[in-house]
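Novice: Construct the complete structure from the given sequences, taking the supplied hints into account.
Per the working numbering, the very first residue in the sequence shown carries number 2; after that it's consecutive.
It should be emphasised that the hints constitute simulated quantities derived from the structure, not laboratory data. Accuracy of the hints is not assured; some may be wrong.
Mimicking DSS-like on lysine-lysine, the simulated pairs with C-alpha atoms at most 27 Å apart in a straight line are [to be verified]: (1) Lys-411 <-> Lys-457; (2) Lys-439 <-> Lys-87; (3) Lys-87 <-> Lys-136; (4) Lys-430 <-> Lys-456; (5) Lys-411 <-> Lys-421; (6) Lys-439 <-> Lys-324; (7) Lys-226 <-> Lys-457; (8) Lys-5 <-> Lys-87; (9) Lys-175 <-> Lys-5; (10) Lys-30 <-> Lys-324; (11) Lys-456 <-> Lys-411; (12) Lys-411 <-> Lys-430; (13) Lys-226 <-> Lys-421; (14) Lys-5 <-> Lys-30; (15) Lys-456 <-> Lys-226.
Treat the numbers as computed from the prediction; the structure is a model and nothing was measured.
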Amino acid sequence: MHRKPNFLMLVADQHRADCLGCAGQFPVKTPHLDRLAERGVRFENAFTPLPVCAPARQAMLCGENPDSYGAFWNFGFFAAASLSPKGYWPEALANSGYQTAFLGKWSASEDFGPTDFGYQTFVSMQDYEAFCREKYPNRKRPNWFGHTSELPLEHSKTHFLAGHAARFIEEFAKSDAPWHIRVDYTDPHLPCEPSEPFASMYNPADIPPWPGVGDTFEGKPYIQKQQLYSWGIEDMTWADWQPAVARYYAMVSQIDDSIGLMLAALERTGQLENTVILYTADHGDMCGSHGMLDKHYVLFDDVVRVPMIWAGPNIVPGRLENKFVSCGLDLPATINDLLGISAPQGQGASMAPLLAGQDVPWRTEITASSNGQQFGFFNQRMIRDQRYKYIWNLTDVDEFYDLLHDPGEKQNLIYAPEHKERVASMRRKLLATLREQKDLLVRSGWLDRQLAENKKI
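Specialist: Here is the structure:
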């Protein structure tokens, strides 16, 4: 009997879509991910439903729009919904005979852990911190801009997780049962602490600016410029940002190196060809783009676009796919199809036909949302097609960008006469999609006129 495919799922924290070597946009070295892309499919238009850690990772389990059930932001700031076990795909995999393990950052539920969701083994970031306290009791803590870690590479967070995952790969190979391992990194989320040799891999002076650098914020929501003052970074120049961005590059390359440990374990045990591998992220990072830090109060591509690479059985290799997909909503349906299980799949669509190289009808726009975070409430909803992006800011001026001529999203064209009809059309499309996704903002109907009748000033 042919054994079902294994499933290795790798989720980075705050990894920009343009920071892959195979993306060809910035000088980031990711040889293992580049090789994975050659073996599979890289999606250049993969988006997060909500660029905050907990809601995005919840969507990966349930496939539901986080705004439909109140998962507006991370835990610990304002009241936020938390998932409870409901037979989601990890549990379905375990029930169908899969060996399962979760390693790393868990933020899908405040009340339940991975073992409640079908994972038989859990190696947590608390386990890593206990390891560090024992071996490095005087470890330095960086500021938000990071520093070079004094820890050797093998004791870094990335390689701690990857080393454990590699051992699980080898242990699980001894059984006839298929397996699923999920590794959720905490990197390259700020503050970046790369170990050598990666910490010195990039010369800060050689780091080119992001397309969004140089934004004046003219005609944009007040809160965007306010963010610079809230973080105390209003006077930083690109030269000031370059060392932090070099460390960000270094962390991406360090993650890539850790992935090499797992790929090597797959090859040693003869399991590479029968393992579905997914690499993606919960969201992106501003990392100095628009002069900003972190990811809040904006829906720029810097934070909503994510890397996504699939490889393995029934996946046509060497393809670049530009259709719009969601790293959250589309994941459960895809796993159902690729692994032959039946679990709740939420509101998304299966990417399996796209992975198989089929030309199937597909969405022509993608949506995302934000609701603020530690600096207060601020509701935003976005719809984007291949050229234009419209952002509905409920309590401030809206945004509209021509991404062909302004990929950095620096010029807000919301009042441009030549785009008046297009803005109205995208507002109607956004409202229709939010209704389909059961977004709580449009449930009552009080806000409908802004979008349906173009009554937003």
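Novice: Which of the numbered hints are not met once you compare them with the structure shown?
Specialist: Hint check: 3 and 14 fail, others pass.
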